[in-house]
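Full structure from sequences and hints, please.
Its first residue numbered 7, the sequence shown is counted upward by one per residue in the working numbering.
Hints in this document: simulated from the structure, not taken from any laboratory.
Since this is a predicted model, take the numbers as computed values, not measurements.
Note that the Cβ used here is the ideal one computed from N, Cα and C, for glycine as well.
Hints are not guaranteed to be accurate.
[To be verified] What follows is a list of derived Cβ distance ranges for each label pair:
no.	residue 1	residue 2	range
1	T213	H240	15 to 21 Å
2	L249	L140	18 to 24 Å
3	A62	T213	20 to 26 Å
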Amino acid sequence: MNFDDTYIDAPLYAEDALVKHFYDAALPSRYGSNFMVFKHMPSLEEFKHYEQQQKAFHTLHNMTHRRFLFPENEAFTTDVAQYITAQHYDVGSLELYAMLPIEFHGRLNEEVVVQYVDNTLFDAYLAFQYTIDLEHGEAFAAEKQQLFKQQFYESHVMFVAALIDGVIVGTLTLFETPDTIELDSFVVAHAFQRRGIGSTMQHFVMTNHTTQTILLVADGDDTPREMYQKQGYHYCAARHEILIVLS
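Right, here's the structure in full:
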(Lines of atoms letter the chains of each structure in order from A; the text may use other names.)
(Lines give C-alpha, C1' and ligand atoms only; values in the text may rest on other atoms or scores of the structure.)
Protein backbone atom coordinates (compact mmCIF):
# COMPACT_ATOMS: atom_id res chain seq x y z
CA MET A 7 0.00 0.00 0.00
CA ASN A 8 1.12 3.58 -0.64
CA PHE A 9 -0.34 7.07 -0.36
CA ASP A 10 -1.93 6.74 -3.80
CA ASP A 11 -4.33 4.29 -2.12
CA THR A 12 -5.50 6.92 0.38
CA TYR A 13 -8.40 9.33 0.01
CA ILE A 14 -7.80 13.07 -0.33
CA ASP A 15 -10.74 14.82 1.24
CA ALA A 16 -10.58 17.87 -1.02
CA PRO A 17 -11.49 18.78 -4.62
CA LEU A 18 -8.73 18.74 -7.22
CA TYR A 19 -8.55 22.31 -8.53
CA ALA A 20 -5.64 22.10 -10.97
CA GLU A 21 -2.82 19.79 -12.02
CA ASP A 22 0.36 19.95 -14.03
CA ALA A 23 3.42 17.75 -14.52
CA LEU A 24 4.80 18.48 -11.04
CA VAL A 25 1.92 19.48 -8.75
CA LYS A 26 -1.66 18.67 -7.83
CA HIS A 27 -3.47 21.68 -6.41
CA PHE A 28 -6.42 21.04 -4.07
CA TYR A 29 -8.86 23.83 -3.22
CA ASP A 30 -12.26 23.89 -1.55
CA ALA A 31 -14.00 27.27 -1.77
CA ALA A 32 -16.46 26.21 0.93
CA LEU A 33 -13.70 25.42 3.45
CA PRO A 34 -11.04 28.16 3.24
CA SER A 35 -10.12 27.76 6.92
CA ARG A 36 -9.36 24.04 6.63
CA TYR A 37 -5.71 23.29 5.93
CA GLY A 38 -6.63 19.75 4.84
CA SER A 39 -8.78 21.11 2.01
CA ASN A 40 -6.38 23.65 0.53
CA PHE A 41 -2.83 22.62 -0.35
CA MET A 42 -0.47 21.37 -3.06
CA VAL A 43 1.06 17.91 -3.51
CA PHE A 44 4.39 17.51 -5.32
CA LYS A 45 4.61 14.48 -7.60
CA HIS A 46 8.39 14.38 -7.30
CA MET A 47 10.77 16.14 -4.94
CA PRO A 48 11.17 19.68 -6.27
CA SER A 49 14.37 21.58 -6.75
CA LEU A 50 14.67 24.81 -4.77
CA GLU A 51 13.77 26.81 -7.86
CA GLU A 52 10.69 24.68 -8.46
CA PHE A 53 9.58 24.90 -4.84
CA LYS A 54 9.92 28.69 -4.81
CA HIS A 55 7.83 28.90 -7.98
CA TYR A 56 4.93 26.93 -6.51
CA GLU A 57 5.30 28.63 -3.16
CA GLN A 58 4.70 31.98 -4.81
CA GLN A 59 1.87 30.53 -6.85
CA GLN A 60 0.12 29.19 -3.75
CA LYS A 61 0.79 32.40 -1.82
CA ALA A 62 -0.89 34.48 -4.53
CA PHE A 63 -3.82 32.07 -4.84
CA HIS A 64 -4.42 31.87 -1.09
CA THR A 65 -4.15 35.65 -0.69
CA LEU A 66 -6.70 36.11 -3.45
CA HIS A 67 -9.08 33.73 -1.68
CA ASN A 68 -8.49 35.14 1.81
CA MET A 69 -6.63 32.12 3.17
CA THR A 70 -3.89 32.70 5.73
CA HIS A 71 -1.86 29.52 5.38
CA ARG A 72 0.39 27.67 2.93
CA ARG A 73 0.64 23.87 2.95
CA PHE A 74 2.59 21.40 0.80
CA LEU A 75 2.86 17.61 0.74
CA PHE A 76 5.86 15.85 -0.78
CA PRO A 77 6.47 12.44 -2.43
CA GLU A 78 6.54 9.47 -0.11
CA ASN A 79 9.83 8.06 1.14
CA GLU A 80 11.87 10.92 -0.34
CA ALA A 81 14.13 13.32 1.58
CA PHE A 82 14.40 17.05 0.99
CA THR A 83 17.46 18.22 -0.89
CA THR A 84 19.82 20.18 1.35
CA ASP A 85 19.00 23.56 -0.18
CA VAL A 86 15.23 22.97 -0.01
CA ALA A 87 15.50 21.87 3.63
CA GLN A 88 17.55 24.96 4.51
CA TYR A 89 15.09 27.26 2.72
CA ILE A 90 12.06 25.71 4.44
CA THR A 91 13.72 26.17 7.82
CA ALA A 92 14.67 29.76 7.04
CA GLN A 93 11.07 30.55 6.06
CA HIS A 94 9.83 29.14 9.41
CA TYR A 95 7.60 26.42 8.03
CA ASP A 96 6.38 23.80 10.47
CA VAL A 97 7.82 20.55 9.13
CA GLY A 98 6.07 17.28 9.87
CA SER A 99 5.54 13.83 8.47
CA LEU A 100 2.59 11.62 7.69
CA GLU A 101 2.87 7.85 8.06
CA LEU A 102 0.68 5.30 6.30
CA TYR A 103 -0.30 2.11 8.10
CA ALA A 104 -2.32 -0.87 6.89
CA MET A 105 -3.67 -4.11 8.31
CA LEU A 106 -6.13 -6.90 7.65
CA PRO A 107 -9.13 -6.86 10.01
CA ILE A 108 -8.21 -10.25 11.44
CA GLU A 109 -4.90 -8.78 12.69
CA PHE A 110 -6.52 -6.18 14.94
CA HIS A 111 -6.16 -6.44 18.68
CA GLY A 112 -7.20 -3.68 21.04
CA ARG A 113 -9.08 -3.33 24.29
CA LEU A 114 -12.85 -2.89 24.24
CA ASN A 115 -15.07 -0.76 26.42
CA GLU A 116 -18.21 -2.78 27.07
CA GLU A 117 -20.26 0.27 28.07
CA VAL A 118 -19.83 1.76 24.60
CA VAL A 119 -22.37 1.19 21.82
CA VAL A 120 -20.95 1.78 18.32
CA GLN A 121 -23.07 2.31 15.21
CA TYR A 122 -23.12 3.96 11.82
CA VAL A 123 -24.57 7.46 11.83
CA ASP A 124 -27.98 7.35 10.18
CA ASN A 125 -30.75 9.94 9.77
CA THR A 126 -31.95 9.46 13.34
CA LEU A 127 -28.49 10.21 14.75
CA PHE A 128 -27.23 12.79 12.29
CA ASP A 129 -28.39 15.92 14.17
CA ALA A 130 -26.70 14.70 17.35
CA TYR A 131 -23.58 13.90 15.32
CA LEU A 132 -23.51 17.44 13.90
CA ALA A 133 -23.94 18.95 17.36
CA PHE A 134 -21.09 16.84 18.76
CA GLN A 135 -18.75 17.76 15.92
CA TYR A 136 -19.61 21.46 16.20
CA THR A 137 -18.66 21.46 19.86
CA ILE A 138 -15.34 19.77 19.06
CA ASP A 139 -14.56 22.07 16.11
CA LEU A 140 -15.26 25.24 18.11
CA GLU A 141 -11.76 24.83 19.53
CA HIS A 142 -10.56 26.11 16.14
CA GLY A 143 -13.04 29.01 15.93
CA GLU A 144 -16.65 29.57 14.93
CA ALA A 145 -15.88 30.05 11.23
CA PHE A 146 -14.03 26.73 11.03
CA ALA A 147 -16.77 24.91 12.95
CA ALA A 148 -19.46 26.31 10.64
CA GLU A 149 -17.49 25.32 7.54
CA LYS A 150 -17.07 21.77 8.85
CA GLN A 151 -20.83 21.47 9.36
CA GLN A 152 -21.32 22.03 5.63
CA LEU A 153 -18.68 19.42 4.86
CA PHE A 154 -20.40 16.83 7.07
CA LYS A 155 -23.77 17.54 5.43
CA GLN A 156 -22.21 16.99 2.02
CA GLN A 157 -20.34 13.82 3.00
CA PHE A 158 -23.38 12.27 4.68
CA TYR A 159 -24.92 11.67 1.25
CA GLU A 160 -21.75 10.40 -0.45
CA SER A 161 -21.83 6.63 -0.89
CA HIS A 162 -18.10 6.14 -0.24
CA VAL A 163 -18.15 8.03 3.08
CA MET A 164 -19.53 6.64 6.34
CA PHE A 165 -19.68 8.17 9.80
CA VAL A 166 -19.29 6.00 12.89
CA ALA A 167 -20.36 7.09 16.38
CA ALA A 168 -19.60 5.72 19.84
CA LEU A 169 -22.31 6.28 22.44
CA ILE A 170 -22.53 5.88 26.21
CA ASP A 171 -26.04 6.01 27.66
CA GLY A 172 -27.31 7.22 24.30
CA VAL A 173 -24.93 10.21 24.12
CA ILE A 174 -22.22 10.50 21.47
CA VAL A 175 -18.73 10.46 23.02
CA GLY A 176 -16.63 9.64 19.95
CA THR A 177 -16.73 9.62 16.16
CA LEU A 178 -14.80 8.24 13.21
CA THR A 179 -15.01 8.79 9.46
CA LEU A 180 -14.57 5.96 6.94
CA PHE A 181 -13.63 6.30 3.28
CA GLU A 182 -14.46 3.14 1.36
CA THR A 183 -13.28 1.57 -1.89
CA PRO A 184 -13.96 -2.02 -3.01
CA ASP A 185 -10.58 -3.07 -1.59
CA THR A 186 -9.92 -0.67 1.30
CA ILE A 187 -11.43 1.10 4.28
CA GLU A 188 -9.55 4.20 5.39
CA LEU A 189 -10.02 5.38 8.97
CA ASP A 190 -9.95 9.14 9.39
CA SER A 191 -10.84 11.89 11.87
CA PHE A 192 -10.78 9.99 15.15
CA VAL A 193 -12.52 12.15 17.74
CA VAL A 194 -13.15 11.28 21.40
CA ALA A 195 -14.60 13.84 23.81
CA HIS A 196 -11.97 15.00 26.28
CA ALA A 197 -13.81 13.64 29.32
CA PHE A 198 -13.90 10.13 27.79
CA GLN A 199 -10.36 9.77 26.48
CA ARG A 200 -8.10 6.85 27.49
CA ARG A 201 -11.10 4.60 28.04
CA GLY A 202 -10.76 2.37 24.98
CA ILE A 203 -13.38 4.20 22.95
CA GLY A 204 -11.13 4.56 19.89
CA SER A 205 -10.28 0.86 20.01
CA THR A 206 -13.95 -0.04 20.38
CA MET A 207 -14.83 1.99 17.29
CA GLN A 208 -12.03 0.30 15.36
CA HIS A 209 -13.24 -3.14 16.46
CA PHE A 210 -16.68 -2.24 15.09
CA VAL A 211 -15.10 -1.40 11.72
CA MET A 212 -13.05 -4.60 11.65
CA THR A 213 -16.08 -6.80 12.30
CA ASN A 214 -18.16 -5.07 9.62
CA HIS A 215 -15.50 -4.93 6.88
CA THR A 216 -13.74 -8.27 7.11
CA THR A 217 -12.60 -8.54 3.47
CA GLN A 218 -11.05 -5.10 2.97
CA THR A 219 -7.63 -3.79 3.92
CA ILE A 220 -7.77 -1.18 6.67
CA LEU A 221 -5.74 1.99 6.08
CA LEU A 222 -4.74 4.69 8.53
CA VAL A 223 -2.66 7.86 8.11
CA ALA A 224 -0.98 8.98 11.33
CA ASP A 225 1.04 12.02 12.31
CA GLY A 226 4.65 10.86 12.33
CA ASP A 227 5.34 12.94 15.46
CA ASP A 228 2.23 11.80 17.33
CA THR A 229 2.24 9.29 20.19
CA PRO A 230 -0.90 7.38 19.01
CA ARG A 231 1.07 5.95 16.09
CA GLU A 232 2.84 3.71 18.62
CA MET A 233 -0.55 2.54 19.82
CA TYR A 234 -1.59 1.75 16.25
CA GLN A 235 1.46 -0.46 15.83
CA LYS A 236 0.57 -2.34 19.01
CA GLN A 237 -2.96 -2.84 17.65
CA GLY A 238 -1.59 -4.68 14.62
CA TYR A 239 -1.07 -2.00 11.96
CA HIS A 240 1.93 -2.35 9.64
CA TYR A 241 4.03 0.62 8.56
CA CYS A 242 3.87 1.21 4.78
CA ALA A 243 5.30 4.62 3.89
CA ALA A 244 5.95 8.18 5.05
CA ARG A 245 5.88 11.60 3.45
CA HIS A 246 6.90 15.11 4.47
CA GLU A 247 4.39 17.91 4.91
CA ILE A 248 5.04 21.57 5.66
CA LEU A 249 2.69 24.28 6.89
CA ILE A 250 2.93 27.94 7.67
CA VAL A 251 0.11 30.02 9.14
CA LEU A 252 0.39 33.74 8.54
CA SER A 253 -0.90 36.36 10.96
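Quiz item: Where does the structure disagree with the numbered hints, that is, which hint numbers, in rising order?
Solution: 3
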